Amino acid sequence: MNLVPTEFYLRILPEIVLSVFALLIMVIAGPARHGSRARVNGWLAFIGCLIALAAVTVQAAHPGDAFSSMFRVDDFTIFLHVVLIAATAVIVLLAMDYLPQQGLERGEFYALLLFATVGMGFMVGSVELIMIFIGLEISSIATYVLCGYRRHNSHSTEASLKYFLLGSFATAFFLYGIALLYGASGTTNLYQMANQGLHISPDGISHAGLVLAAAGLMFIGLGFKVSAAPFQMWTPDVYEGAPALVTGFMSAGPKAAAFAVALRVFYVALQDSSATWFWMIWAAAILSMCLGNLGALRQTNIKRMLAYSSIAQAGYVLVAFAALGAQGASAVLFYLAAYVAMNIGAFAVISHWAHREERYVELKDYAGLGFRFPWLGFCLSIFLFSLIGVPLTGGFFGKLYVFQAALHAHLIGLTVIALLNSALAAYYYLRVMVYLYMRPQEQPIECAPFTAPLWLAVASCLGVTFWLGIFPTRALDFAVKSAQQLLH
Amino acid sequence: MDFLNHTIVSWTIFLPLLGIVALLLVRGEKQERMTALIFTTATFLLSLHLPFHFNSAEGGFQFLQRIPWIPAFDIHYTVGADGLSLWLAVLTTFLSVLGVLVSWKSIKKNVKAFFILLLLLECGMLGVFFSLDLFLFYLFWEVTLVPMAFLIGIWGHERRLYAAVKFFLYTMAGSVLMLGCILWLYNLSGTFDYMTIRQQMASGLYHLSPGTEMWLFLGFFIAFAIKVPLFPFHTWLPDAHTEAPTAGSVLLAGVLLKMGPYGMLRFDLGLFPNASRAAAGWIVVLGLIGIIYGALVAFVQPNMKKLVAYSSVSHMGFIMVGVFTFSLIGTQGAIYQMLNHGVSTGGLFILVGMLYERRHTFDLSEYGGIAKVMPIYAGFFIWIVMSSVGLPLLNGFVGEFMIMLGTFTATVAHAHVYGMVAAVGVIVGAMYLLHWTRHTIWGELANARNKVLQDLDRREIFVLTTIALLTLFMGVASPYFLNKTSATTAQVVQPFQPHPAVQSAGLVVRQGAGQ
Amino acid sequence: MQLTLFLIFGALAVAGAINLLVQRHPIYSALSLVTVMGALAVEYLLLGAEFIAFVQIIVYAGAIMVLFVFVIMVLNAGEVIDQPRSRIAAFLGLPILTLLAIELISRVYGDFGATTLTMGSPMVQTGPIGQSLFHEFLLPFEVTSVLFLVGVLGAVVLAARREKPQVVAATRQQHDQEKAMAAAQR
Amino acid sequence: MVPLSYYLALSAILFCLGVAGFLFKQDIITVFISIELMLNGVNLAFVAFSHALHQVAGNVFVFFVMVVAAAEAAVGLAIIIAVVRNRNTLAVDELSQLGDK
Amino acid sequence: MPIALHLWIIPLLCFTGFLVNLVFGRRLSQRAAGAVGVLFPAVAFGYALWVVSQWSALPHPYLENHAWWMQTGLLSIPFGFQLDQLSLVMLLIVTGVGLLIHIYSLGYMAHEGGFYRFFCLLNVFMFFMLTLVLANNYLLMFIGWEGVGFASYMLIGFYFHKDSASRAGMKAFITNRIGDFAFLIGLFYIFDHFHTFTFSQLFPQVQRMPVEASWGGPLTIIALLLFIGATGKSAQIPLYVWLPDAMEGPTPVSALIHAATMVTAGVYMVCRSASIYDRAPHALSVVLAIGALTALFAASIGLLQRDIKKVLAYSTVSQLGYMFMACGAAMYGAGVFHLMTHAFFKGLLFLGAGSVIHAMSGEQDMWAIRAAAPGGLRKYAPITFITFLIATCAISGIPFFSGFYSKDKILYDTLTSGHGSALWWAVGTLAALMTSFYMFRALFVTFFADPQAAAAKVKAKPAHGHDDHGHHAPHESPKAMTVPLMILGFLALVGGYIGIGDRFEHFLDPIFATGVPPLPVREIAGGEWTVTIISVSIAVLGLLLAWLFYLKNPALPEKLADSMHGLYELVFNKYWVDELYGALITRPLAAFSRVVLWRGVDAGLIDGAVNGVGYTAGAAGNGLRRQASGNIRSYASWVALGAAVVLLYMYWGGPRV
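Protein chains in written order, with this note's numbering: chain A, 1 to 488; chain B, 1001 to 1515; chain C, 2001 to 2186; chain D, 3001 to 3101; chain E, 4001 to 4657.
Bear in mind the hints are in silico, worked out from the structure with no lab data behind them. Incorrect hints may appear among the rest.
Said to hold, decoys possible - If you anchor each label on the Cβ, the simulated ranges turn out as follows:
no. : chain 1 : residue 1 : chain 2 : residue 2 : range
1   : A       : THR300    : E       : PRO4588   : 47 to 55 Å
2   : C       : ALA2011   : A       : ASP272    : 32 to 40 Å
3   : A       : GLU7      : C       : ASN2076   : 30 to 38 Å
4   : A       : TRP467    : B       : ALA1278   : 38 to 46 Å
5   : A       : SER274    : B       : ALA1072   : 18 to 26 Å
6   : A       : ARG356    : C       : THR2098   : 19 to 27 Å
7   : E       : PRO4374   : B       : ALA1448   : 37 to 45 Å
8   : C       : SER2106   : A       : ASP272    : 19 to 27 Å
Unchecked claim - Only part of the chain C face toward chain A is listed, based on derived beta-carbon distances under 7 Å:
no. : residue
9   : ALA2063
10  : MET2065
11  : LEU2067
12  : ILE2105
13  : ARG2107
14  : LEU2133
15  : GLU2136
16  : LEU2138
17  : PRO2140
18  : VAL2150
19  : LEU2153
Said to hold, decoys possible - Cross-link-like lysine-lysine pairs, in silico, PhoX-like; alpha carbons within 20 Å at most:
no. : chain 1 : residue 1 : chain 2 : residue 2
20  : E       : LYS4162   : B       : LYS1372
21  : E       : LYS4162   : B       : LYS1451
22  : B       : LYS1030   : B       : LYS1108
23  : B       : LYS1030   : B       : LYS1105
24  : B       : LYS1109   : B       : LYS1030
25  : E       : LYS4379   : E       : LYS4479
On a predicted model such as this, the values are computed, not experimentally measured, just so you know. Cβ coordinates follow ideal geometry from the N, Cα and C atoms, glycine included.
Next comes chain A alone, as it looks inside the complex (with noise of 0.2 Å):
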């Protein structure tokens, strides 16, 4: 039996940094639970973070299979680590700021953080179903838990174990989708598929409709994943529920990760059948933009807005997953980026406002924010400017990349669909700045300090934010490269 060679564990290297991280502070939150010293805690995890995208770079350079090509360094992987860590980065220090105010301050939270981290680090970077499953479910399991994390406030339990259950229930597809899948190819890796295409399984027997129904299993269970319609309806509440970081991580790291695997199942091993799967992610991505936006348009509770609006924007990446090829990939990935980047922003302003018990969750408690607080309000405001995708946001290329992808593999009605959605859904988040800026305020809030964490997560979001709106080539060269590479 040979050694397992060392640069297999260079190539899981962001993971293995973050579960000692995550380790680490299991070990030191008994002793540093409260205080000042809780604070340990956060940046440790912060640190372990920074560490970890170091360990990207070390990843990168040993691009290839580890583990029984099990998992596969390349520039998509890269692609999605550097995404998900550095969302991770940033909410944890979102949550050096949150939880204080809170009074939720826990070792275990950062913990629970950087194993999900680990979790959605093996979702993005496996190509074999078995290990994205275990991928997704460790990444699952600490999020159901952080949902729950207030866990005296009704809320907070409440949707914990809405998503738990249902999450768990579309799991169960996804994963009979994975069982009709290997008894169709007779393997689990997704490049094996691909090789040896899905027509033809081990017993010479062409088993298409049966990998068409679990592609439709494992849509399902990716599509509640990413709240993609009509498996979205738990969003809403889920998000309003959840502490409200939680909230802004589960609607970026966790989606992007599923994103990530929808890409490499339906694009690397499914590509035989697009044409078939394509009319189900046509559809989905029509019906999502629409009841999200529409949902989001009445709105009262901003969490729960932006839950619809999260709906809405999967709808916007299912557009360009839509249009297939390196395209569409390049397309998928690059608007992740902005969208986890302006939305990890917009729920940080968010976080921060909500007070203690998230008492400040309504948009009446936004009035005239933005002139008492005039950096926070711009902020927020660029936020949202990006997800309306005004220009010179990462938000608004990203739209374009999307728009551009579909129109170029001649989705005209879809593109269409999505341009008025955009402008539908800019109703909603102006009206937080209508709010914002245009409505006098009825009750005097106080804000709470702006620590240096906070400083410094807003302040990263923004410049990401701005530098994929104005500067996008590198982003979008790293993009294309991984769609590339992804493909091959």
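Given chain A's structure and the hints, the job is docking chains B, C, D and E onto it.
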């Protein structure tokens, strides 16, 4: 000088942004106002460089600057000016100065934010006119949207929220379709560069089917038509105008609306001549409806600002007719009318704003006999109203006349009918404006609260004098403006002329006239 | 013979599953699931999956289900006598389910109608499974440790009672202060 | 000689019964149990395929699924306990504080 | 080019006056403002006289071009001026009469508010009027055309605090605009056919064209459209309605703008376009008919007016009708001749009326004046009376007064010209009878004591007067007013003599030699004398009737009115034309705009659709929200439903791979 010629456009666009930075640094409302004034004035003076160094004989773009930006999409930062954009840009910088001046006292809360948005708006508007890259164009197009919506929403009047949101959404709905078309063009050509695309479109490289071309045309057109606004896309305008602060109304009417016809001339006519020709009939009819309809509805408005807003619908209808009958004279007239409308209607809104500052109502029935207490105001009022009515020797007439004449003598079908219907606008235009005059400054000074109104102060007199003199100058010296645009206009209308002979004859300026 | 066994235990599994549905008390449902699991273990044996069959009994039915039962006891869960409030589940549930079942069954049945499995094929030995776990499936095997860690951590975070009283008091105090402040400002 | 399709059909039936349990059962724990039933159905399919393909992998998958199920059970029951502590009910339909009313 | 006249200086002088008063007027004293206001037109008049002195040395026509006003493609319009016989006459009339009226206003307006504003506007009027008559192309003429309309609008509304005044101003402007609309379209046709607006380029082209026999010929269309423009400016049927209302303005304004100069612009324009009209006989017949009908129609209304200015206003409309009759008979010279004499005597009449009103502290009702001036006003204001008498004689066509020559010429031409006919001559003569009657009626009532003075009561409704006048006893007006009266009186007396022997018309002949051979003259028995005798007897008859009705037997008119009650009401109420326009056009238009267009189409249909989209979206959103009930099993059902649909598609719907 050479360096300046190559970068002047960028300086003009981005000087307001520098102003924003400066605004962020200064403290105190007075200093903020001064800073805004200094930067808008500097931008105005800088923009005057353009007409002075513009080569009138050259129809293409001048002061070009081109910097690679996003190579993956072949996006460049390409800016430049031609006859179409030249004066519109100067109009923008000019009205921005006035915008600051009229906001001097009327804006009392959040002064800094107000001027920041105003400068941002100026930057956006200039960018729209100067961009020669479709991506850049769309970018600036949207950039104008945001500050305007905020200007309305924050500093507006009673129903400002509704108006701001409506303005934003309506415009957004149009512009997203334009974005789709821009991307389509990109997919065809692999570039966002306007000049390249135009050249390739003209050479028939893409083999577009008429249907496709029409869809592309419409995608651009609807965005622009909403901006114009062309009947029946106009209903956001009365709301937006009524609720906007004076400076907002001035810039909205003066510049933002012009982005519509500008876009049509630049993109619809420039890129899709066949579709333009095919759709022209309908558009002209809508424009004609707008002329008369806007005037009639303005006639019965009880709210002064709505009245002026509907007058814009009417005036912009003229421009639409001028643009879509494809005659050299009519198009030149349309370009001129854009400038005229900017100055005159801007002036009208300033007039309304000055009354509002004193009485805090737009209700026409609250006024009457103002001339008694505000004679100077009344003088300017009459002057600017007359410019809007189209009194010869003031600016309005030249544009309207050229449009009507160009339309009447155009080579399109039913040109005579178009011209005659447009001329009806001359009658109805006088109707509502004089009606307004009669009920505002004339009549008995019945309302006791009007008896104590103060006449204009020096600042206000300065603002209105500037406008009045400009209306006079533009009324008598149109060749000064139009000679610089004619070469470009000739290029724009060139594909629409039926016979080469007619078109070349149209370009020959008859020097011997009257000698 | 195999077919008979398959049918008997298959029927048992289905019956257990239906009983799970029919029973109103969660404890009976849990026990029904244990029945299903046992029946399935036999089916695994029929399929030659010796290792899985025993793991099914020991870990699944033994450990996991015990956990369920334990929780049911702890929570003192009884019958839920609530009127069902989900209209869509009530009206659309059955049609949806029928549709889903027909689709799934006909799909899997149709695709492999021709394939028969012979009992003659060798039993999957535990050895090769172990080997592949530490060889081919080394990574997932290692990663499941993280999974468990998360599970443990999660359970601790959510279910453990451990807040120190004075901290809670302090938190409450702070909360009250904030409320008072807000009230004063109002 | 049992056709593969029989096993697969059984697995599909169990899966669907699991779904039915989720849709129709009224208390949280049974709903959770129904999920376990669905997983069991899937496991059967894995084993059957593994057998048909003469592979070990399928069996290993089932092993991993069980591991996952165990972790899920731990967390899930913890969540249920937390919920019950807050709400003092196990009725699924009671848990709809969140949602657009 | 031997001589440069710099004609542009003439209008610009007036414009300078305007600017000076506009900018500094408020700060100037009344005296200084008046001085500025008079000085510039005076210099302009002087300049005009200098131009006359250069006349023999000038080429005819004298042309000068300056900057371009518009220039793009084929369209090039210069700021160019033209001096020929026609514009010379107009120049002298405008500057001369204009100057006199400016001087008169110094006195008249001395006690009115807004003194500088008045001169400001009067100057700007002069500027536009001079531009109109000196322009060498139609479009520059249009500047003046519209500009005088603007000045008229402002001056009619001079007493802006009176609602009637501002309403009248608006009415004038908009009615004019209706005419301008047609004028503009006429211009478009001109440009469409000839690609120029410049007279010196246009008319040679026109003169190469044949006389048109059909109604649809381009020249006929152009001529008709231009004529509609003229009916607006010169207050002909159907657009005359604004002129009577225009009397709301100060009386000097009525004299200058609404009698002497502006309203004749239409006549001037038609004469200027003689080349076109000569080739459009159908258009000529329309001009003739409209002119004759207007003359009669307005005169008939004038018969029963009680307000002295209204009488004069309808008289003006009527006299303008005569001028158009002349034009319609293709005898443009006669039209211009009458234009000139009319400027004298009608200017004089208005100034006289102004003087009366001034004397009576703003009273305009003739019967009220008569009542307020016991023993007859002529005793109090002899100069006014005498000059008014001269003017009345002139307008009535009493021999040896100026109006006699010009009106007689027109009637004769109408009868004899190939374009005219006996019918229109008869109509004109009837109108002349009426003119004579109502003018002498005005004279008698205003200046002579009521024979039943002892019993006299003011039957009239209280007249609307000028607020700013105090109430004083009747008095003669100051020198500033009487001197212009006397000068104009002199002109009204002798102004006709230059027309004896058609000298005036021959002077203008070069302008009206359009290359169309004149139609054969219709011979009549007795020649010109027949017509003259009839005219004179008609004029005397009118005089006698007026004497009979208003001096000899004042009870007679009432009896007559009672006996023809219906007709009396009809005429007294000006044939209900204003009411008819109001009921048919103005009010329906406003109501339509408000109810249908604004409330219905705009707010209801279009904005309703826009808001409807928003509302629908919101409602859809609400509908969706209802699905988000928060129930886990519902959500699971949706997932299951989604799963079922996806699988169904994958099973049945998907393309077979």
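Here is how each hint holds up against the structure:
1. Taken as a hint, the range 47 to 55 Å holds for the pair A:THR300 and E:PRO4588, whose Cβ atoms sit roughly 49 Å apart.
2. Range check, C:ALA2011 to A:ASP272: Cβ separation about 39 Å, and the 32 to 40 Å hint holds.
3. Our hint of 30 to 38 Å for A:GLU7 and C:ASN2076 is violated, since their Cβ atoms are close to 54 Å apart.
4. Between A:TRP467 and B:ALA1278, the C-beta spacing of about 44 Å keeps the proposed range 38 to 46 Å intact.
5. Distance hint for A:SER274 and B:ALA1072: a CB-CB separation of about 25 Å, consistent with the stated range 18 to 26 Å.
6. At about 49 Å, the CB distance of A:ARG356 to C:THR2098 disagrees with the hint of 19 to 27 Å.
7. The given range of 37 to 45 Å is respected by E:PRO4374 and B:ALA1448, whose C-beta atoms sit roughly 42 Å from each other.
8. Restraint check, C:SER2106 to A:ASP272: a C-beta distance of roughly 23 Å satisfies the suggested window 19 to 27 Å.
9. Residue-level restraint check for C:ALA2063 is violated (minimum Cβ-Cβ distance to chain A is 17 Å; threshold 7 Å).
10. Nearest Cβ of chain A to the Cβ of C:MET2065: about 16 Å, over the 7 Å cut. The hint is violated.
11. Given the 7 Å rule on beta carbons, the hint for C:LEU2067 is violated: about 15 Å separates it from the nearest Cβ of chain A.
12. Checking C:ILE2105 against chain A by beta carbon gives a least distance of about 11 Å; that is not within 7 Å, so the hint is violated.
13. Checking C:ARG2107 against chain A: minimum C-beta separation of about 5 Å stays under 7 Å; hint holds.
14. Because the smallest distance between the Cβ of C:LEU2133 and any Cβ of chain A comes to about 11 Å, over 7 Å, the interface hint for this residue is violated.
15. Hint status for C:GLU2136 relative to chain A: holds, with the closest Cβ pair at about 5 Å, below 7 Å.
16. The closest approach between the C-beta of C:LEU2138 and any C-beta of chain A is roughly 6 Å, which is under the 7 Å cut-off, so the hint is satisfied.
17. Hint on C:PRO2140 holds. Least Cβ distance to chain A is approximately 5 Å, under the 7 Å limit.
18. For the restraint placing C:VAL2150 at the interface with chain A, the shortest Cβ-Cβ distance is roughly 5 Å, inside the 7 Å limit, so the hint holds.
19. For C:LEU2153, the suggested interface contact is upheld, since its CB lies about 6 Å from the closest CB of chain A, less than 7 Å.
20. Proposed proximity of E:LYS4162 and B:LYS1372 is supported: the alpha carbons are some 12 Å apart, at most 20 Å.
21. At roughly 16 Å between alpha-carbon atoms, E:LYS4162 and B:LYS1451 fall within 20 Å of each other, so this suggested pair holds.
22. A hinted pair counts as satisfied when its Cα atoms are at most 20 Å apart, and B:LYS1030 with B:LYS1108 qualifies at roughly 11 Å.
23. Between B:LYS1030 and B:LYS1105, the direct Cα distance comes to roughly 10 Å. Compliance with the 20 Å bound is thereby established for this hinted pair.
24. At roughly 13 Å between alpha-carbon atoms, B:LYS1109 and B:LYS1030 fall within 20 Å of each other, so this suggested pair holds.
25. This hinted pair checks out: E:LYS4379 and E:LYS4479 have alpha carbons roughly 17 Å apart, not beyond 20 Å.
Violated hints, listed in ascending order, are 3, 6, 9, 10, 11, 12, 14; each of the other numbered hints is respected by the structure.
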